[in-house]
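Listed in order, the protein sequences are those of chains A and B.
Counting from 31, one number per residue, gives the positions in the first sequence under our numbering.
Counting from 31, one number per residue, gives the positions in the second sequence under our numbering.
Check before you lean on any hint, since a few could be wrong.
You can't tell identical chains apart in this list, so a pair holds if it fits in one copy or across any two.
Claimed, not checked - Cross-link-like lysine-lysine pairs, in silico, DSS-like; alpha carbons within 30 Å at most:
#1 Lys287 with Lys310
#2 Lys453 with Lys73
#3 Lys33 with Lys57
#4 Lys310 with Lys327
#5 Lys287 with Lys327
#6 Lys287 with Lys57
#7 Lys401 with Lys73
#8 Lys216 with Lys327
#9 Lys327 with Lys32
#10 Lys57 with Lys374
#11 Lys216 with Lys287
Hints in this document: simulated from the structure, not taken from any laboratory.
There are 2 protein chains.
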Amino acid sequence: MKKDSIGIGMLGLGVIAGQVARVLRDKSGILANQVGCPLVLRKVKVLPEDLSRPQVEEIGPHLFTTDDDEFFTEPGIDIVVEAIGGEHPALEYLTRALAGGKHIVTSNKEVIAKHRAELLNLADKNGVALRYEASVGGGIPLISRFRYDLVANRIEGIYAIINGTTNYILTRMAEEGADFSSTLAKAQELGYAEANPENDIEGIDAAYKLAILASLAFHTEVRPESIYREGISRLSSRDFQYAREFGFAIKLLAIAKESDGVVEVRVHPVCIPEDSLLAKVDGVYNAVLVEGDLVDKVLFFGQGAGPLPTSSAVIADVVSAAQDILLGIAGGARWELGPGRVIKPMSDIETRYYLRLNIADRPGVLAQIAKVLGDRQISIASAIQKLADRAAQTAEIVIITYPALERAMQSALGELVHLSGVKEVSNFIRVEALS
Amino acid sequence: MKKDSIGIGMLGLGVIAGQVARVLRDKSGILANQVGCPLVLRKVKVLPEDLSRPQVEEIGPHLFTTDDDEFFTEPGIDIVVEAIGGEHPALEYLTRALAGGKHIVTSNKEVIAKHRAELLNLADKNGVALRYEASVGGGIPLISRFRYDLVANRIEGIYAIINGTTNYILTRMAEEGADFSSTLAKAQELGYAEANPENDIEGIDAAYKLAILASLAFHTEVRPESIYREGISRLSSRDFQYAREFGFAIKLLAIAKESDGVVEVRVHPVCIPEDSLLAKVDGVYNAVLVEGDLVDKVLFFGQGAGPLPTSSAVIADVVSAAQDILLGIAGGARWELGPGRVIKPMSDIETRYYLRLNIADRPGVLAQIAKVLGDRQISIASAIQKLADRAAQTAEIVIITYPALERAMQSALGELVHLSGVKEVSNFIRVEALS
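Make a model of the complete structure from these sequences and hints.
Right under this line is the structure:
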């Protein structure tokens with residue numbers, strides 16, 4: 031299609047939208063050269079209260095509207111960049127834009143995680159494309175990897191650190207021996223965690239991103255509510271100490287595996303070997319390890335959030351959409367949703383476990399524990415026992431098991447708390463033997 | 031373009047070509063689904079002596095020819111996969127195929143490093159595409175990152191471990207305290223190094239790959255002969271010991287930087303902080319760290335060689351070419367070569383240095399050395415002195431400098447060897463302050 035320019039419409043005016051507008055302006059020459067014609071920001075739809083923000087003056091007040099109809103009926107818009115976030119009204123806006131034949135670029139992980147299939151189908155029906163590279167991993171190239179570079183691979187596993195807030199907290203806890211709540215408070219002070227941190231620390235954000243990656247990797251629809259999820263709030267500084275003694279680091283991992291058509295998806299704290307590459311990913315950085323039958327393993331690392339990295343991914347998608355518009359390609363045609371896959375129930379997964387127990391410091395207790403585990407086919411690989419409290423005559427024991435079924439471990443945990451020698455099951459953490 | 035199938039022609043029958051043929055056969059269903067029609071291997075051009083190889087039987091003897099004309103005039107071939115390697119006759123074959131309107135997919139780093147611009151221009155003239163994802167980093171998605179995901183970034187730096195053989199040797203030397211020649215011999219025994227290892231250990235292979243990455247990153251043509259290059263053969267086990275004492279690992283890095291339109295490109299051993307991510311990349315693995323103005327830094331890690339990972343990249347390119355053929359897109363149109371850039375002379379680069387000297391164990395020698403350095407504006411950041419040989423009354427001193435000009439350091443090195451107190455300048459290694 032011959033065009034003098036490609037028109038962009040933007041929904042929202044947060045830090046990401048502001049940065050995208052800045053890149054469109056500051057790099058207009060380079061981008062026009064890549065695309066073949068200029069990319070022109072034609073309209074920005076905001077809420078009335080946004081009109082007083084300083085970005086409005088910077089971008090140009092004449093481009094702003096608070097009126098939905100004015101935005102969606104603007105004929106000069108070819109690509110809609112959605113940067114409002116959240117499920118609603120983003121879903122309704124995206125639906126309306128797609129139905130109106132606009133190409134979509136979004137950084138909204140929640141709406142993509144929850145509505146990817148219906149939005150893709152709608153895009154396909156309207157001969158436009160839905161792009162969402164920025165929804166996972168900020169500026170790290172990820173989404174398109176599955177669609178292009180890894181296309182010949184059967185993806186076997188994904189192991190991802192995809193939430194910067196929790197990785198920052200865990201890094202601080204590991205380095206400083208601090209406890210969770212004080213570290214969270216410090217992260218909130220520094221702006222690395224939100225006032226209401228639930229989305230991050232409970233793994234909700236990571237589960238959205240894993241739903242997107244797993245859906246792409248396995249050509250299916252993995253819904254966020256199918257993902258088993260545990261947050262990081264019950265980790266204590268003692269766990270980091272013990273983990274280190276066993277040669278482990280503790281990370282919040284988003285894990286997806288596939289075998290024989292059955293998909294396993296979970297987000298929870300994991301002990302991983304401290305010399306594995308993922309163990310070295312510190313602070314707010316993200317990293318995604320992908321295992322495929324041909325590539326063996328590849329890892330992508332970078333800043334998983336922030337306006338600049340995210341704008342990099344948004345603009346890459348905009349350029350790609352613009353190129354396809356000029357070439358007259360209907361974006362949805364290149365790939366399709368695959369058949370549904372069975373999600374493995376959490377009780378069926380098999381992994382190794384780290385168990386920390388507070389026990390009575392007297393003979394026979396370890397034998398009691400070993401029997402409960404052994405009765406359920408759970409074997410002990412190694413154990414450390416330390417005198418925890420001489421006055422109370424209690425000790426702390428940490429056990430690393432061989433691979434066992436989650437169902438068996440849950441049953442064992444239920445039994446262990448009733449043993450006369452066990453004061454408390456202080457924690458248990460799954461162990462992944464990453465290399 | 032409506033087509034019932036996309037025809038593939040293959041040049042060469044090494045391990046990579048064999049694996050590509052295997053994937054085309056074993057994954058034909060998945061690939062046809064991605065492309066929209068089957069990918070069919072139509073002809074394989076080999077040398078007469080290749081006809082007795084077992085792959086011929088596996089792939090199907092009727093597909094083989096030893097005749098150039100028969101291969102290049104076969105009308106059913108849409109995409110030519112070149113897997114013979116080396117500059118000649120690969121260049122002549124690629125030229126002929128492009129002139130005949132065939133799309134090209136190649137894993138040949140040498141021919142791309144040396145002839146990328148002319149081949150791209152020829153492809154563009156003939157309305158076809160030249161794809162070479164597999165030429166750098168095996169199965170690690172790299173080439174397309176610059177063309178797509180990072181398109182909005184001004185690339186500021188590339189720091190790459192892109193030769194598995196040298197990284198394997200350096201990893202062994204660091205872990206075992208072994209010297210270079212015995213480690214090389216062991217690597218040759220294990221098949222990690224070739225009988226004639228020059229291409230790897232002298233950094234020639236890494237320079238080819240860096241030429242490709244830098245040309246892409248900076249939209250220019252960086253020729254391999256413009257790249258400053260030093261191999262790893264003069265590293266000794268003592269260097270690894272000292273480096274560790276200063277908190278450094280030693281890696282063979284391919285480095286490219288750009289500022290103010292001037293490009294700096296070099297391949298040589300480098301001291302990097304041992305807690306940097308690149309320092310953790312061990313054995314035959316590859317990793318490429320890219321710094322951009324928007325993404326900050328992203329890192330790509332994986333197996334940089336081997337038939338399976340390389341076939342992953344080749345097939346990704348084949349699928350992409352096939353999709354473009356069906357969509358009727360002339361592949362070369364999407365991007366173009368940029369203006370030439372000035373390559374900074376090595377003498378103008380600025381970096382920190384590690385210097386190891388054998389000196390007379392008497393007062394005043396360090397003062398002599400410090401004067402030679404100081405006269406050239408080179409400041410000492412830290413130093414370790416050890417008694418090396420009590421009988422000969424010599425000591426070993428290792429100095430880490432602050433950033434200094436290469437020109438100044440080369441001049442200092444020339445002067446240091448003439449100092450009465452300096453027995454030998456045993457080694458010097460540049461230092462990069464990666465984070």
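Structure-based check of each hint:
no.: 1; hint: Lys287 with Lys310; result: both (22 Å within a copy, 25 Å between copies)
no.: 2; hint: Lys453 with Lys73; result: neither (63 Å within a copy, 72 Å between copies)
no.: 3; hint: Lys33 with Lys57; result: within (20 Å within a copy, 39 Å between copies)
no.: 4; hint: Lys310 with Lys327; result: both (16 Å within a copy, 15 Å between copies)
no.: 5; hint: Lys287 with Lys327; result: both (13 Å within a copy, 28 Å between copies)
no.: 6; hint: Lys287 with Lys57; result: between (40 Å within a copy, 20 Å between copies)
no.: 7; hint: Lys401 with Lys73; result: neither (68 Å within a copy, 64 Å between copies)
no.: 8; hint: Lys216 with Lys327; result: between (35 Å within a copy, 25 Å between copies)
no.: 9; hint: Lys327 with Lys32; result: neither (42 Å within a copy, 36 Å between copies)
no.: 10; hint: Lys57 with Lys374; result: between (47 Å within a copy, 25 Å between copies)
no.: 11; hint: Lys216 with Lys287; result: neither (34 Å within a copy, 36 Å between copies)
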